[in-house]
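*Asks:* Could you build all of it, start to finish, from the sequences and the hints given here?
Chains as they are written, first to last, in the working numbering: chain S, 1 to 67; chain Y, 1 to 278.
Misleading hints may appear alongside valid ones.
[What the hints assert, rightly or not] Heads up, simulated DSSO-like pairs for lysine-lysine below, C-alpha to C-alpha not over 27 Å straight-line: (1) S:Lys34 x Y:Lys194; (2) S:Lys34 x Y:Lys16; (3) Y:Lys131 x S:Lys34.
FYI, nobody ran anything at the bench for these hints, they're computed from the structure.
Each chain, written out:
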Amino acid sequence: MVIVPIRCFTCGALIADKWDEFARRVSSGEEPEKVLDDLRITRYCCRRTLISHVDLINEIVMYSRKV
Amino acid sequence: MSFNVSVVERGDNYIKILFDGVPLQLVNAIRRAALTEVPSIAIADVLFIDNTSALYDEIIAHRLGLIPLTSDEALSKYRLPEECVECGEVEGCEGCYTIITLDVTAKEEVTTVYSGDLISQDPDVRPVSPKIPIVVLAPGQRLAFEARARLGRGKEHIKWSPATVANVTYLAKVGVDRSRCVLCGKCVDVCPRKVFSVASNGIEVDESKCILCKQCVKVCDYEAINLGWYDDKYMLYIESSGALAPERIFLEALKIIANKLRNLYEEVSKLGGYVGGS
Chain S
1 MVIVPIRCFT CGALIADKWD EFARRVSSGE EPEKVLDDLR ITRYCCRRTL
51 ISHVDLINEI VMYSRKV
Chain Y
1 MSFNVSVVER GDNYIKILFD GVPLQLVNAI RRAALTEVPS IAIADVLFID
51 NTSALYDEII AHRLGLIPLT SDEALSKYRL PEECVECGEV EGCEGCYTII
101 TLDVTAKEEV TTVYSGDLIS QDPDVRPVSP KIPIVVLAPG QRLAFEARAR
151 LGRGKEHIKW SPATVANVTY LAKVGVDRSR CVLCGKCVDV CPRKVFSVAS
201 NGIEVDESKC ILCKQCVKVC DYEAINLGWY DDKYMLYIES SGALAPERIF
251 LEALKIIANK LRNLYEEVSK LGGYVGGS
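*Replies:* Here it is in structure tokens:
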């Protein structure tokens, strides 16, 4: 995905507000499993949506249309 | 009819209610009303003033729609979607819409636009979390729009559903036949929810953990386990998107069902002599 989905594809729970903390803590070396538990994301549908997300927008944002 | 309704668990965004003696059809009607009938407020139209970001207008509008907005006050303040059908094109339709605006320009560095940057005309209607990323802007890019939020129902678009998850489950009834059980312990090992444990006087059972997967029935060589569920006992689980408190969703759902029944009764009453009673 280009940017983190606002809600879980399957159940519709709000997950985008937890992405920044999730990404920050996982990239600093924490176990994704533990971080998801801490953020109280309990269902496996929401968990896979965050775990499998690759934030591509930061890669493409500099190459977008000329302003 | 005697029945008993009790709140088993209340978390920060969910509620678990146990119904004893209430027909499944009624509990299911509440569940369905919670998902599709209870109104909440969400962004419906977006007028883009400027969008030079990497995402198309449509993607951003879709993301904006999915942001849950606090609806507790809005429910009494704004008119219901059925009363606002004509207001789509009309300007200044009182009580149907509230305006939410945003104008962010990225200066020297890459900037993430968050839901916290949205400026709502009505302080009671605001995003449930200020930390939802809407778009990422490169230096010099700008996102500016004017959005209109209105009440709607989940049956029109799921973004208006205040409940993300609403389900009804049976309550498991697990029986161990002590005359057949040889305490082999296979069920203890196979159960994913650890329903069984070995005690001094036989296998002990904690029914509340059971998810009716029947692994224990399959693994038992002596057919000692009876798995079933209680009649007329159901657990309703409602999880809120944050737009409304879960107990509010439950009560609004009940009100909607009661209203529908009242309307039906009034219509049927007009048939006159064919229907008796008061």
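*Asks:* Checking one constraint from the list: CA of S:Lys34 to CA of Y:Lys16, max 27 Å. Satisfied?
*Replies:* holds, 25 Å
*Asks:* Can you confirm whether the C-alpha distance between S:Lys34 and Y:Lys194 stays at or below 27 Å?
*Replies:* Holds: S:Lys34 and Y:Lys194 sit about 22 Å apart, inside 27 Å.
*Asks:* Next pair to validate is Y:Lys131 with S:Lys34; report whether the Cα-Cα distance is within 27 Å.
*Replies:* Given that 27 Å is the threshold and the Cα spacing comes to 21 Å, the pair holds.
The earlier numbered hints are all upheld by this structure, with none contradicted.
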